[in-house]
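Novice: Start from the sequences and build out the full structure, keeping to the hints where you can.
Number of protein chains: 2
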Amino acid sequence: MSEEKQKTKDRLLDAAENLFASKGFDDVSIRELAAAADVNVAAVNYHFQGKENLFQQVILRRFVVQRDNTLKALENILSDASNKPDIALVIQTLVEEYLKGTLSSPGGGSFMLLVAREMQSQNHHGSTTFFKEMVMPVFQAYSMALMDVRPCLRQEQINWILASIVGQIHHFIMRWHKKKSFDAQSEEVQIMVRVFPALGLSVDDYITQVTNHITAFSTAAIDSLYPEVSP
Amino acid sequence: MSEEKQKTKDRLLDAAENLFASKGFDDVSIRELAAAADVNVAAVNYHFQGKENLFQQVILRRFVVQRDNTLKALENILSDASNKPDIALVIQTLVEEYLKGTLSSPGGGSFMLLVAREMQSQNHHGSTTFFKEMVMPVFQAYSMALMDVRPCLRQEQINWILASIVGQIHHFIMRWHKKKSFDAQSEEVQIMVRVFPALGLSVDDYITQVTNHITAFSTAAIDSLYPEVSP
DNA sequence: ATTAATATTAAACGGTTGTTTTAAACTTGG
DNA sequence: CCAAGTTTAAAACAACCGTTTAATATTAAT
Numbered sequence: 001m002s003e004e005k006q007k008t009k010d011r012l013l014d015a016a017e018n019l020f021a022s023k024g025f026d027d028v029s030i031r032e033l034a035a036a037a038d039v040n041v042a043a044v045n046y047h048f049q050g051k052e053n054l055f056q057q058v059i060l061r062r063f064v065v066q067r068d069n070t071l072k073a074l075e076n077i078l079s080d081a082s083n084k085p086d087i088a089l090v091i092q093t094l095v096e097e098y099l100k101g102t103l104s105s106p107g108g109g110s111f112m113l114l115v116a117r118e119m120q121s122q123n124h125h126g127s128t129t130f131f132k133e134m135v136m137p138v139f140q141a142y143s144m145a146l147m148d149v150r151p152c153l154r155q156e157q158i159n160w161i162l163a164s165i166v167g168q169i170h171h172f173i174m175r176w177h178k179k180k181s182f183d184a185q186s187e188e189v190q191i192m193v194r195v196f197p198a199l200g201l202s203v204d205d206y207i208t209q210v211t212n213h214i215t216a217f218s219t220a221a222i223d224s225l226y227p228e229v230s231p
Numbered sequence: 001m002s003e004e005k006q007k008t009k010d011r012l013l014d015a016a017e018n019l020f021a022s023k024g025f026d027d028v029s030i031r032e033l034a035a036a037a038d039v040n041v042a043a044v045n046y047h048f049q050g051k052e053n054l055f056q057q058v059i060l061r062r063f064v065v066q067r068d069n070t071l072k073a074l075e076n077i078l079s080d081a082s083n084k085p086d087i088a089l090v091i092q093t094l095v096e097e098y099l100k101g102t103l104s105s106p107g108g109g110s111f112m113l114l115v116a117r118e119m120q121s122q123n124h125h126g127s128t129t130f131f132k133e134m135v136m137p138v139f140q141a142y143s144m145a146l147m148d149v150r151p152c153l154r155q156e157q158i159n160w161i162l163a164s165i166v167g168q169i170h171h172f173i174m175r176w177h178k179k180k181s182f183d184a185q186s187e188e189v190q191i192m193v194r195v196f197p198a199l200g201l202s203v204d205d206y207i208t209q210v211t212n213h214i215t216a217f218s219t220a221a222i223d224s225l226y227p228e229v230s231p
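Protein sequences appear in the order of chains Z and S. Under the numbering used here, the very last position in the first sequence is 231; numbers go up by exactly one each time. Under the numbering used here, the very last position in the second sequence is 231; numbers go up by exactly one each time.
Hint data in this document are derived by calculation from the structure and do not stem from the laboratory. Since the model is a prediction, treat every value here as computed from it, not as a measurement. Note that CB positions come from ideal geometry on N, CA and C, so glycine has one too. One thing to keep in mind: the hints can contain errors.
As the list claims (entries may be wrong) - Think about it this way: if two alpha-carbon atoms lie no more than 27 angstroms apart in a straight line, the pair counts; the simulated BS3-like pairs of lysine-lysine are:
hint, chain 1, residue 1, chain 2, residue 2
1, S, K179, Z, K178
2, S, K23, S, K179
3, S, K100, S, K179
4, Z, K23, Z, K100
5, Z, K180, S, K132
6, S, K51, Z, K23
7, S, K178, Z, K100
8, Z, K178, S, K178
9, Z, K132, S, K180
10, S, K100, Z, K132
11, Z, K23, S, K23
12, Z, K23, S, K178
Stated by the list, open to error - Chain S residues, not near chain Z, derived (Cβ > 10 angstroms throughout):
hint, residue
13, Q6
14, N40
15, L60
16, R67
17, E75
18, M147
19, G167
20, D204
21, D223
22, E228
Specialist: Shown next, in the form of structure tokens:
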């Protein structure tokens, strides 16, 4: 594989990431992809053996980074000997890293919306390995962390808790993207911002507010339902 | 409109509800709809002037019932003079009615999955009136109820709380449908049930457990973050 | 019974989809 | 420099999409 021709694949991957993220798998045609990447339509099948495979490559390329970021962020707070982490910090780390990767990744992409979308669709474009390689490690690492900072928690309780947290995260991600899918001056956006003012903020401020809310909400719930046993 | 010919419209609506709910708007073709309802392909356009309109009719027919059920359930607990409702009861009513309508509606349909799916998609098949007529009344009624049982709550706090609750509800709905979209003996289902045992239960038991969790989780959070001011 | 409106049917239309073909343009190693 | 292999390009392919047409069948009313 030549040096210059690798650029074609990369341009295709970049264009695909943006288009898939903003319109979903089905609503992006190969011709649209080719035009955005400024390559021929046949290039998609030549380099990726089909649209389906291109999609998986896109997901994989980004999600590996996201997985490692999320795991690294957890390691950072756990290994910081200066202050012992508590429940709130663990949750805040998970939520913040998730939102950042989804709403304000450096590539400007909202690639993880793909994951949220496909996880909730009944098409199985991704394979089981995606779940095993990408989701499970993060899930298990944060399960461990939660058990460390709150030893009385049992595994099944943590499963319920994490489901509630991830559910909230997805919901706020979807709200943001739903708003962005309309014209900024449209009546729909006006209503949405009026009902939920945080949607009128910048991405970073939105992430901050949502992170603070989910963290406070979930931490309060856990502290109340599963209080720390006094030493 | 003749008596017998109304049956054609109804058969089409029923078939559309099931198919749309299980595959989404884009993944259902008119020919597929016609075959399932045992009518000609042209019948869709003849009776409903297009696929888009049929979809909206499907949503409307069911969601009016769901909206009224949800509002009626709230009225019931509010007007029951024998025991004054608390936060937990209001939340439980919302969650339970939502889940029942989505996962075990009498028609066997999972029509409200449609709403969840379309709310989270970036296509705007439904109109703004759907939001105003169907979502807002329920939202406002439950906002009022929460203010009644916990007067210290301000509107914006309620918005955040309801977002967290609805986010959790949607997530558990999606988990259930995701599981149902696989073969019962598939490896995927085995993994899902192992990680989250509640998915192995019957629908009704699943609804009960999820309702209890979301109610307990959210009530604990609210009680801790916004405690009742002592009289 | 005849007429007019309504409902159903099979066939076709124009368009888009993902993919493949065929050939020309490159890059690269001897 | 040239032949071998790799990458691009335009065009065609087969399948499917939502919709429409035009003819037929059914119903309702006079």
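Novice: For every hint, state whether the structure bears it out.
Specialist: Do the hints match the structure? See the list:
1. K179/S - K178/Z: holds (26 angstroms)
2. K23/S - K179/S: It holds: about 14 angstroms lies between the C-alpha atoms, which stays within 27 angstroms.
3. K100/S - K179/S: holds (17 angstroms)
4. K23/Z - K100/Z: holds (20 angstroms)
5. K180/Z - K132/S: Status holds; Cα separation ~19 angstroms.
6. K51/S - K23/Z: holds (20 angstroms)
7. K178/S - K100/Z: holds (26 angstroms)
8. K178/Z - K178/S: holds (22 angstroms)
9. K132/Z - K180/S: holds (19 angstroms)
10. K100/S - K132/Z: At roughly 31 angstroms apart (the allowed maximum being 27 angstroms), K132/Z and K100/S break the hint.
11. K23/Z - K23/S: holds (17 angstroms)
12. K23/Z - K178/S: holds (21 angstroms)
13. Q6: holds (31 angstroms)
14. N40: holds (26 angstroms)
15. L60: Consistent with the label, L60/S stays out of reach of chain Z, its closest Cβ about 19 angstroms off (over 10 angstroms).
16. R67: Answer for R67/S: holds, closest chain Z Cβ roughly 17 angstroms.
17. E75: holds (23 angstroms)
18. M147: Non-interface label on M147/S holds, nearest chain Z Cβ at 16 angstroms vs cutoff 10 angstroms.
19. G167: violated (3 angstroms)
20. D204: Holds, because the least Cβ-Cβ distance between D204/S and chain Z comes to about 18 angstroms, which exceeds 10 angstroms.
21. D223: Violated, because the least Cβ-Cβ distance between D223/S and chain Z comes to about 7 angstroms, which does not exceed 10 angstroms.
22. E228: Check passes; 14 angstroms lies beyond 10 angstroms.
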